[in-house]
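Number of protein chains: 2
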Amino acid sequence: MGQNTRQVGLQSVLIDTPVFIRASASIVGKKEGEGPLGEFFDKTGTDDLFGAKTWEDAESSLQKEAVTLAMEKAGLSAKEIRYLLAGDLLGQSIATSFGLMQFDIPLFGLYGACSTCGESLSLGSMLLAGGFADHVVCVTSSHFASAEKEFRFPLGYGSQRPMAASWTVTGSGAFVLSTDSGKRNAPRITGITTGKIVDYGIKDTFNMGCAMAPAAADLIRQHLQDFNREATDYDKIITGDLGTVGKTALMDLLKEYQIDIAPVHMDCGIEMFDSEKQGTDAGGSGCGCCAATLSAYILRKLEKGDWKRVLFIPTGALLSKTSFNEGKAVPGIAHGVVIEA
Amino acid sequence: MGQNTRQVGLQSVLIDTPVFIRASASIVGKKEGEGPLGEFFDKTGTDDLFGAKTWEDAESSLQKEAVTLAMEKAGLSAKEIRYLLAGDLLGQSIATSFGLMQFDIPLFGLYGACSTCGESLSLGSMLLAGGFADHVVCVTSSHFASAEKEFRFPLGYGSQRPMAASWTVTGSGAFVLSTDSGKRNAPRITGITTGKIVDYGIKDTFNMGCAMAPAAADLIRQHLQDFNREATDYDKIITGDLGTVGKTALMDLLKEYQIDIAPVHMDCGIEMFDSEKQGTDAGGSGCGCCAATLSAYILRKLEKGDWKRVLFIPTGALLSKTSFNEGKAVPGIAHGVVIEA
Numbered sequence: 000m001g002q003n004t005r006q007v008g009l010q011s012v013l014i015d016t017p018v019f020i021r022a023s024a025s026i027v028g029k030k031e032g033e034g035p036l037g038e039f040f041d042k043t044g045t046d047d048l049f050g051a052k053t054w055e056d057a058e059s060s061l062q063k064e065a066v067t068l069a070m071e072k073a074g075l076s077a078k079e080i081r082y083l084l085a086g087d088l089l090g091q092s093i094a095t096s097f098g099l100m101q102f103d104i105p106l107f108g109l110y111g112a113c114s115t116c117g118e119s120l121s122l123g124s125m126l127l128a129g130g131f132a133d134h135v136v137c138v139t140s141s142h143f144a145s146a147e148k149e150f151r152f153p154l155g156y157g158s159q160r161p162m163a164a165s166w167t168v169t170g171s172g173a174f175v176l177s178t179d180s181g182k183r184n185a186p187r188i189t190g191i192t193t194g195k196i197v198d199y200g201i202k203d204t205f206n207m208g209c210a211m212a213p214a215a216a217d218l219i220r221q222h223l224q225d226f227n228r229e230a231t232d233y234d235k236i237i238t239g240d241l242g243t244v245g246k247t248a249l250m251d252l253l254k255e256y257q258i259d260i261a262p263v264h265m266d267c268g269i270e271m272f273d274s275e276k277q278g279t280d281a282g283g284s285g286c287g288c289c290a291a292t293l294s295a296y297i298l299r300k301l302e303k304g305d306w307k308r309v310l311f312i313p314t315g316a317l318l319s320k321t322s323f324n325e326g327k328a329v330p331g332i333a334h335g336v337v338i339e340a
Numbered sequence: 000m001g002q003n004t005r006q007v008g009l010q011s012v013l014i015d016t017p018v019f020i021r022a023s024a025s026i027v028g029k030k031e032g033e034g035p036l037g038e039f040f041d042k043t044g045t046d047d048l049f050g051a052k053t054w055e056d057a058e059s060s061l062q063k064e065a066v067t068l069a070m071e072k073a074g075l076s077a078k079e080i081r082y083l084l085a086g087d088l089l090g091q092s093i094a095t096s097f098g099l100m101q102f103d104i105p106l107f108g109l110y111g112a113c114s115t116c117g118e119s120l121s122l123g124s125m126l127l128a129g130g131f132a133d134h135v136v137c138v139t140s141s142h143f144a145s146a147e148k149e150f151r152f153p154l155g156y157g158s159q160r161p162m163a164a165s166w167t168v169t170g171s172g173a174f175v176l177s178t179d180s181g182k183r184n185a186p187r188i189t190g191i192t193t194g195k196i197v198d199y200g201i202k203d204t205f206n207m208g209c210a211m212a213p214a215a216a217d218l219i220r221q222h223l224q225d226f227n228r229e230a231t232d233y234d235k236i237i238t239g240d241l242g243t244v245g246k247t248a249l250m251d252l253l254k255e256y257q258i259d260i261a262p263v264h265m266d267c268g269i270e271m272f273d274s275e276k277q278g279t280d281a282g283g284s285g286c287g288c289c290a291a292t293l294s295a296y297i298l299r300k301l302e303k304g305d306w307k308r309v310l311f312i313p314t315g316a317l318l319s320k321t322s323f324n325e326g327k328a329v330p331g332i333a334h335g336v337v338i339e340a
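Just so you know, the sequences run in chain order V and Y. Residue 0 is where the first sequence starts when you use numbering that gives the first Met the number 0, and the numbers rise one by one after that. Residue 0 is where the second sequence starts when you use numbering that gives the first Met the number 0, and the numbers rise one by one after that.
Any given hint could turn out to be false.
Remember, identical chains collapse to one label, so a pair may be satisfied in a single copy or spanning two.
[Stated by the list, open to error] Heads up, simulated DSSO-like pairs for lysine-lysine below, C-alpha to C-alpha not over 30 Å straight-line: (1) Lys-42 - Lys-52; (2) Lys-320 - Lys-300; (3) Lys-52 - Lys-320; (4) Lys-148 - Lys-42.
FYI, nobody ran anything at the bench for these hints, they're computed from the structure.
One chain only, chain V, in its complex shape (with noise of 0.2 Å):
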C-alpha cells in the first residue's frame, strides 16, 4: 500500500487494498416491480406505503428494510457495522433520519442529490481502504410521492408533466462494504472519481437529465484521464438516471472531447420502466434508481462474471423549491465508482 500512490490523475483515486462490495441489497414500489427489472429486485411492495402513514414514513421504511436485508446477506449484525453513510433527497435528509435511527450505528448524512449513492459507495471505500472500518453500510432511498411534493406538487393536485420529466423511483440499495468479502465472487471496488458541481445553466427543473448530463460528461472525460483508460476499457459505463433526454444530450457533449461510450453506455434510469407501457416519460430517476439497479442488476452481472468491470456514474440535479422559485439554474454532480468482478 502505498499512501502517494493513491491519488491518480488530477479527481481520482485508486483504491489499491481489498474493498469488496460484500452484500447488496433492493427494494422498490410497486410500479418498479412491474419494470423490466421487476424479477431482479429482492422486495418489492404492494401499495407504495410499506405499512407507514406517510410517504415520508414510508421512505424511512424503504432505507430501513435495505439496510435490514443488506446486513443480513451479508451475515454482519448492527454491532459489526462501524459507519452508516447515507442519503436521501427530501430536506434535511429526514428519511434517513427517521429510517436508520433504529440501528444504533455511527452515521455520516450525506447529500449529493440523486449522485449520493456515488458519493457514498466513495466515501465508504476510502474510510474502509484508510484502515478507519473493516465494515460500512452505504444506503440512499428516494420515494415518488415525497420527491414530488418536495420537488413540485403534493400527488394530490394532480399536475401535468412534459415528456422530458423524469419519474422519481421508489425504491433504495444498501450495500455492505468490506475488508473481508465474505463469499467468492464478491465484487470490488478499486477506483473512484469524484465529481465538481457543473452549471450549463439549465432552468427547466423538470428536464433533470439535460441539468445532470454535462457533469456527467465531465466526469467520465476526467475519469477516462485520470486512469488513462479507454471507454472500451468497460463492459459498461452506467449513469444514473440521465434518462432518453439527458441520454442524448451526453453524447453529444462527449463528442466535443472525442469520447464515444455509446458501445458500452447503460443509464438506470432507463431501464428502470417501460417508459411507453408505463408512462415515466424520459425514465426513472432519484436516489433510490441507481441504488436499487446497481444491488439488483449491475452486482448480478458482476458476480456472474458476464461483465468484469462497471464504471458506475450516479448523477445528481442541485436543487431546491427555494433555489427554483428564486430562478436560479439546476447544476449538476455526478460521482464515479469503478466496480470489478
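Got chain V; can you put chain Y on it based on the hints?
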C-alpha cells in the same frame, strides 16, 4: 502508521498521521459581530445580505468568502485543494451548491444539521490520513433569515419566539486541512468520535438545545471511554450550539454516567451572543455558529498555546418542516473532533 490501530473503541478513530488545520477563516453577520466574540472574526457584514438579493444567496456568499479567505491564508489555490467537504441547513443544501460551484473543486456534500462542521472535519481528516488527499477544505454555514424561512416562518411574519429558542447564527467557518502545516503553530486533529442518532422524543422544535443534549452526552461518554480519558484531560470540551437550556440538560444527563465536565465545558452557542443584551434567548445555533467560533476563537487559543487539547463537538437537531408537521420528534446527533496544539 498501523491500519489496525486506527479504530479505537466502539465509535472512535485515531488520526495517527499529521493532519493540520493549516488555516481557517470566519465571516459573520452584523449581530454576531456585535457579540462577545465580535473582535475575533475575520469579516463582519453590515446588512446580512452580503451583496446578494436573497437570504439564500447571502448564505452562499458566506461560504464563498470563508473558503476564499481560508485558502488565501493557507497560501493555497483552489487547484491545490483535492476535495471540498461542505454543508448547510437549507433543503437540498443549496447554500453550499450555489456558494461553492465557482471553485471547481470535487465536492462531497454533507448533511448533519448543525453537527455538519464536525462531520466535515471528521471525514476530511480521514481522507488526509488515508493518503487520499494532501489538502481539503471543510466549510459550513447558516443564516438567520434563511433558516427561519426554512424551519419556521419568513421573518416578515413577525412570529414570536419562546425563551428556550436559539438564534440561528449568520456566519460561516472554513478550514483548510493539510498534511503539511505550512506554519509553526498549526493545530492538529488527532482523534474523531462519530455520533449515532439519539432520540429522547423531544417534540418542541423551538427547544433544540434539549433535543441535541442527549446526543452530546452520549458522544462525550463514548469518547472518554474509547480513548480511556477523563474530562480533565481536555482544556476545553466544547459543544456546538446547545445554548443555556441544552447545557443544563447536558450536565444532568452526564451526571447519570458519573461524568462531570462542568470545569472544562464551553458551548459555542452561549459564547456567540450576550443573550440578555442581544435578545437571543437560549443562545446561538446553526451550522455557522460552531464553525465561526472554532475558526475565530478556539483555534486562536490553541495557536497561542492557552489550550493544549480540546474536544470539539458540533451538535445537530434532525428535523424538517415536514417531519415537524407530521408529528415527529427531533432526534439529535453529535460529532466529536480532538484538536491539539
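Can you give me the call for Lys-148 and Lys-42, within, between, both or neither, at a CA distance of at most 30 Å? Within one copy, since 24 Å is at most 30 Å while 39 Å is not.
State whether the alpha carbon distance between Lys-320 and Lys-300 is at most 30 Å within one copy, between copies, both, or neither. Classified as neither; 38 Å inside a copy, 41 Å across copies.
Alpha-carbon proximity between Lys-52 and Lys-320, which holds within one copy, between copies, both or neither at 30 Å: both (24 Å within a copy, 17 Å between copies)
Quick one: Lys-42 to Lys-52, C-alpha cut-off 30 Å, is that within a copy, between copies, both, or neither? within (19 Å within a copy, 47 Å between copies)
Of the numbered hints listed earlier, the single one contradicted by the structure is hint 2.
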